[in-house]
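Okay, here's what each chain looks like letter by letter:
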Amino acid sequence: MDLKPGAGGQRVNRFVDPISYHFLQFLWRTLHLLVSLWYLQVSMVQMIEGFLISSGLVKRYGALDIDKVRYLAIVVDSEEAYQISKVIQLLKWVEDMGVKHLCLYDSKGVLKTNKKTIMESLNNAMPFEEAVEKDVLLDQKQMTVEFASSSDGKEAITRAANVLFMKYLKYAKTGVGKEEPCFTEDQMDEALKAIGYKGPEPDLLLIYGPVRCHLGFSPWRLRYTEMVHMGPLRYMNLGSLKKAIHRFTTVQQNYGT
Amino acid sequence: MELYNGERPSVFRLLGKYMRKGLYSILTQGPIPTHIAFILDGNRRFAKKHKLPEGGGHKAGFLALLNVLTYCYELGVKYATIYAFSIDNFRRKPHEVQYVMDLMLEKIEGMIMEESIINAYDICVRFVGNLKLLSEPVKTAADKIMRATANNSKCVLLIAVCYTSTDEIVHAVEESSELNSNEVCANQELEEANATGSGTVIQIENMESYSGIKLVDLEKNTYINPYPDVLIRTSGETRLSNYLLWQTTNCILDSPHALWPEIGLRHVVWAVINCQRHYSYLEKHKEYLK
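Here the protein sequences come in this chain order: A and B. Residues in the first sequence are numbered consecutively from 1, following this note's numbering. Residues in the second sequence are numbered consecutively from 1, following this note's numbering.
These are calculated hints, taken from the structure and not from any lab test. As the structure is a computational prediction, the values presented were derived from the model and not from experiment. Do not rely on the hints blindly, as some may be mistaken.
Stretch-level coverage of chain A by chain B, calculated; a stretch enters the list once three of its residues show a Cβ under 8 Å from a Cβ in chain B [as the list claims (entries may be wrong)]:
| id | region |
| --- | --- |
| 1 | 22–30 |
| 2 | 150–160 |
| 3 | 213–222 |
Don't be surprised by glycine CBs; every beta carbon is placed ideally from N, CA and C.
Sequences and hints are given; from them, build the entire structure.
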């Protein structure tokens with residue numbers, strides 16, 4: 001937690017009124033201490049609940065309609081992603097639950113670097129690119145795993161933008177195309193696929209880290225994705241995972257209508 | 001700073017104002033978000049819950065919006081963005097779409113008529129999105145208020161209408177393509193000038209090779225800048241619904257269970273506190289991505 005003084009409109013000058021300044025600083029730190037205690041209490045309750053769900057004592061989460069989760073994404077904070085054994089344990093839980101398509105993301109690409117180790121630890125999984133190449137994406141026998149990092153987000157969209165731009169220049173030179181560039185979202189989709197980005201939009205995105213923030217997951221693939229914050233990876237448990245997936249299966253979206 | 005509402009302040013209102021000032025003086029000991037974004041979800045559910053007539057939820061939502069904006073600007077938040085109408089919302093029943101458009105027109109015209117209030121609180125109002133999809137009266141009113149408040153600089157209210165993130169990204173690609181195609185034409189003219197002529201070569205110093213659209217080009221051409229520090233979506237929904245997907249890389253996503261018309265000061269304060277808790281983590285992440 002950052003404790004740097006702010007620059008708000010009602011800042012008290014520490015030199016002009018030191019007593020007020022120190023008193024307000026004390027109140028601010030006390031407020032944050034109370035909030036931290038609140039979050040600690042919430043985490044403990046969630047851990048106990050997770051344990052009860054994992055042990056099967058909460059019947060509600062016994063049977064999951066996992067088919068509703070057609071594509072699951074997991075975002076991991078890059079510093080926590082170095083805990084490869086934890087990541088592997090998490091993926092084994094996901095695999096055992098019957099998830100068929102998974103995308104693993106961390107912004108710095110730590111998980112990508114450890115792709116081989118991770119894939120070798122899973123019983124029945126195949127890299128996403130291999131599944132696309134062999135055209136077995138609809139094959140339900142193996143779980144496909146896609147690895148992504150920040151270079152697959154905005155930078156990929158920039159590369160796709162250049163594909164569209166080159167097409168526009170080509171048409172402009174021949175005099176066939178329109179004067180001003182005019183693209184559609186479908187064309188953007190095609191351009192991304194053309195440069196190798198064929199991953200679909202995840203239905204559910206689980207965030208393991210200190211903050212509920214997608215940390216740069218591809219903006220093109222998040223339109224209607226449900227995002228659930230699972231807390232730090234070191235506190236992950238099977239029960240919380242089951243609860244998050246169960247809650248997702250009860251969500252009804254109206255897609256803006 | 002308060003939004004003027006024409007009523008003589010009661011004792012309770014004055015007490016509330018001073019209590020808020022006391023709370024703000026504590027909160028402003030830490031970093032205050034520069035930009036808060038809102039998804040106004042739950043107006044229809046609110047109307048159903050309280051058995052209000054059609055449109056009653058949206059009217060209650062507008063009052064909640066005024067309160068929330070007051071709290072933001074009092075706290076020192078410079079930018080507030082609201083998701084007023086999505087391109088996807090055009091798929092709703094026609095009478096519902098028309099009602100929202102009429103309500104928007106009524107509220108914009110109200111703001112124009114009380115122009116002195118907007119200027120008194122120095123709010124710059126900007127409508128962002130694919131404004132060509134708006135009906136003519138709403139577009140005219142939006143243009144009018146944007147012109148009237150263009151010089152206001154203390155606070156900025158961004159109203160996303162006819163907006164989706166994917167449409168915004170495509171728009172940014174179009175704008176970047178147009179700018180870059182001008183650069184390509186200019187380079188081609190220089191190359192042709194060098195190649196033709198009676199053997200005279202025109203030396204162009206520092207002639208850079210053309211490298212295509214860059215990420216910074218797309219960033220400059222998105223509708224909404226600067227990027228929000230926290231996004232609040234009411235009604236407990238945990239998705240972004242095609243809103244600010246590009247801008248929320250380092251943004252805290254907050255989903256209070258309250259329906260939009262039920263949002264209050266405590267929700268804004270909670271979002272600010274969470275922002276302060278994770279400020280250094282997100283600043284570090286922003287630096288890494290630069």
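Tested hints:
1. Under the rule that three or more residues need a Cβ within less than 8 Å of chain B, the assignment of the region 22–30 of chain A holds, with 4 such residues.
2. Under the rule that three or more residues need a Cβ within less than 8 Å of chain B, the assignment of the region 150–160 of chain A holds, with 6 such residues.
3. Evaluation of the coverage hint for the region 213–222 of chain A: fulfilled, as 7 residues show C-beta separations to chain B shorter than 8 Å, against a requirement of three.
In this structure, none of the earlier numbered hints is contradicted; all agree with it.
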